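K.L.:
Below, each chain spelled out in residue letters.
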Amino acid sequence: MDWSEAVTRVLFEHRDEKDVHTFEGWKAVGGFSALEKALKMKPEEVVEEVKAAGLRGRGGAGFPTGVKWGFIPKNTDKPIYLCVNADESEPGTCKDRVLMEDLPFMCLEGAIIAAYAIKASMAFWYIRGEFDLPERRMRAAIETLREKGLIGKNILGSGWDLDFVIHRGAGAYICGEETGLISSLEGDKGQPKIKPPFPAIKGAFGCPTIVNNVESLAAVPWIMRNGASAYAKLGTEKSNGTKLFSVSGQVNRPGVYEVEMGYPLRDLLENECGGMKRGRALKAVIPGGSSMPVLPAEVALQTNLDYESVQAAGSMLGSGGMIVIDDSQSMPELLKILGRFYSHESCGQCTPCREGTPWGSRVLDRVADGAARPDDLETLERIARFLSGTTICLLADSLAMPIRSFFQHFREEFEALVPTEAGEKSGG
Amino acid sequence: MTSQDGKMSESTKTGVATPALKLSADAEARIDDLQSRYPTKKATLLPVLWEIQNSEGWISTEWMEYAARRCDVTPSHVLSVVTFYTMFHQQPVGKYHVQVCRNICCHMVGAPDLIEAVESRLGLKHGEVSEDGKFSLEHVECLAACSWGPVMQINRTMHENLTPEAAVKVLDGLE
Ligand SMILES: Cc1cc2nc3c(=O)[nH]c(=O)nc-3n(C[C@H](O)[C@H](O)[C@H](O)COP(=O)(O)O)c2cc1C
Ligand code: SF4
Ligand code: FES
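Protein chains in written order, with the working numbering: chain Y, 1 to 428; chain H, 1 to 175.
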């Protein structure tokens, strides 16, 4: 593909326009025409349109959005709920913040269309407790749309009613996991629940529920306006459309960028991010948020940014939280931070996670701090094994994947910190 | 000691328990509104706890009992929820609650130096409150501002791209 041509903007199409964060500003760029169009269609037709667009969930798992909507049981007599996942707490990820701050009405328009498509009567905007401006913007946006009659009874004469409330979290990473989010919404500790049943069948308050990430829903107005095939034309064969990447680390222009799926990682770093800061060389990249496997520089620079390519390279696209690691960083030190984070955030329900993440964290601490014991690396490998695939949610794997990949690619750095049997550090 | 004595004499004298706590009329009305819209009363527990903390600054045992009554749950359930979520305070925090991100992205661009500068300026470590009650300090996990690190959030205001000097200046500028 010829990437020298301007990359089509979907989510950020209107980001730079004046006052686009206000109701009038969003309306001036064609806002709410997608909602009008959707409300003239049958809900099932909206689901089909989003399916045909090939939009995949941007919260991390990449599951096709329209397909998920289609799992809502037909003719259920229970209320149906939409939960917007605005918990954004995977380290490295700060894209939903930008969407909510800059384009709150676009996000909300997408959410209302989604609610209509799944026939929801009530929607919750679950937002992390630390967010300030994003929460104020979303609260104000919901109030405005209530006044304008775009939330409430008989929206645009369609006969369909929707209530919408903001539900503010209170500082717990695990509430980003969809069933943890539901527990938190129900007034409990944010502890994930065993799947199945999946939320689409039995979710919030025991009723059919769809949980979608902000970025997934934010793409829906564009899809409705421009048509599924216009969206499906963007990106690669299996990864359609565009994706936001929030880039952090020692690059010249860290920030949140929208690129077409399949865009080379190298180009994102060199063009959008302006390359590495002076005197720094690229060492590694975690492409999709801190729980995803790390890629060494030479592999990362050959990778394109779509679900399949990143997976083939040995990692995952995840949330698009791209952590760029330069040569001044110590990998054991970074892994120690991740160990501390994931053990701190374990909800404590599953024994392997409750016991294994703090144990892993203690061992990582002593390795990084120069107090390693001879068999610590083997211990960590053992912990990573028993953290994988044994728990209710993926938080335990979220520490196992970094441990494994850091060891796979940067083992010498860890070995240098571990004493040999004779009590000497092998790295001298 | 005095308050306990006072409470006891009050209830023995009159035979009536101390009047139930109440939030401001506005806050009570907001809670009523939410409870008419949420599918269950229990689901409004987080919003109710936020109303309490916004009004009182922290959540005491008495207020947990209030939340339990308001949401039809047991006080022990409220306690388990309050302790689960890191943003709910069970003790007063400073007038300025300073939160410095210690996670991976901020770490790579200078969080350790930032934390050191803030700690030495405030004379506080993680989890401490200054004697005059003006400041409290907390090291926090990722605040979803990773592209603009290192970051520090004071109450709800975010400060981005901080050098240690800039952070100290922000702190010194607080009344
Ligand atoms: C430990 C853990 C944390 C998660 N955190 C988030 C999050 O902060 N935001 C988010 O949108 N999805 C998060 N997810 C993914 C959600 O469980 C869910 O898949 C997603 O919200 C579905 O929306 P989507 O299909 O639109 O991506 C997390 C998953 C796990 C296992
Ligand atoms: S894996 Fe960890 S965070 Fe997930 S449910 Fe089990 S204990 Fe909780
Ligand atoms: S790591 Fe500090 S804001 Fe994300």
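These are computed hints drawn from the structure, not numbers from a lab. Predicted model only: the values in this text are computed from it and were never measured. Note that CB positions come from ideal geometry on N, CA and C, so glycine has one too. Be aware that a few hints might be false.
Unchecked claim - Every beta carbon over 12 Å from chain H, so not counted as near; a handful from chain Y, in silico:
#1 R97
#2 G169
#3 L185
#4 K189
#5 P296
#6 M322
#7 S328
#8 K336
#9 R340
#10 S388
As the list claims (entries may be wrong) - When the alpha-carbon atoms are kept at most 20 Å apart in a straight line, the in silico DMTMM-like pairs for lysine to aspartate or glutamate are as follows:
#11 Y:K119 x Y:D188
#12 Y:K189 x H:D72
#13 H:K41 x Y:E44
#14 Y:K189 x H:D172
#15 Y:K27 x Y:E17
Claimed, not checked - Computed spacing ranges between beta-carbons, pair by pair:
#16 H:E165 x Y:S229: 45 to 55 Å
#17 Y:K27 x H:E56: 25 to 35 Å
#18 H:S120 x Y:E415: 51 to 61 Å
#19 H:N161 x Y:D77: 29 to 39 Å
K.L.:
Between the alpha carbons of K27 of chain Y and E17 of chain Y, is the straight-line distance 20 Å or under?
P.N.:
With a Cα-Cα distance of about 12 Å, the restraint between K27 of chain Y and E17 of chain Y holds, given a limit of 20 Å.
K.L.:
A cut-off of 12 Å on Cβ-Cβ distance, and S328 of chain Y was said to be off the interface with chain H. Does that hold?
P.N.:
The assertion about S328 of chain Y is violated, with a minimum of 9 Å to chain H.
K.L.:
Taking 51 to 61 Å as the stated bounds, is the beta-carbon spacing between S120 of chain H and E415 of chain Y within them?
P.N.:
With Cβ atoms ~35 Å apart, the hint is violated.
K.L.:
Since K336 of chain Y was said not to touch the interface, does its Cβ keep a gap of more than 12 Å from each Cβ of chain H?
P.N.:
Check fails; 10 Å does not lie beyond 12 Å.
K.L.:
Just double-check M322 of chain Y for me: nearest Cβ-Cβ distance to chain H has to come out over 12 Å.
P.N.:
violated (9 Å)
K.L.:
Starting from the hint 25 to 35 Å, judge whether the C-beta atoms of K27 of chain Y and E56 of chain H obey it.
P.N.:
Once the Cβ atoms are compared, 40 Å apart, the range 25 to 35 Å for E56 of chain H and K27 of chain Y is violated.
K.L.:
Range first: 45 to 55 Å. Now tell me if the beta carbons of E165 of chain H and S229 of chain Y are that far apart.
P.N.:
holds (54 Å)
K.L.:
Can we trust that K189 of chain Y is non-interface, i.e. its beta-carbon lies farther than 12 Å from all of chain H?
P.N.:
violated (4 Å)
K.L.:
If I take the minimum Cβ distance from R340 of chain Y to any residue of chain H, is it greater than 12 Å?
P.N.:
violated (8 Å)
K.L.:
Check the hint pairing K189 of chain Y with D172 of chain H against an upper bound of 20 Å on the C-alpha distance.
P.N.:
Since the Cα atoms of K189 of chain Y and D172 of chain H sit roughly 38 Å apart, the hinted pair is violated (cutoff 20 Å).
K.L.:
Is the straight-line distance between the alpha-carbon of K189 of chain Y and that of D72 of chain H 20 Å or less?
P.N.:
holds (16 Å)
K.L.:
Would you check whether the claim that S388 of chain Y is not at the interface survives, using Cβ distances to chain H and the 12 Å cut-off?
P.N.:
The claim stands: S388 of chain Y keeps its Cβ more than 12 Å from every Cβ of chain H (closest is about 21 Å).
In the structure shown, a violation is registered for the earlier hints numbered 1, 2, 3, 4, 6, 7, 8, 9, 11, 13, 14, 17, 18 and 19, in ascending order.
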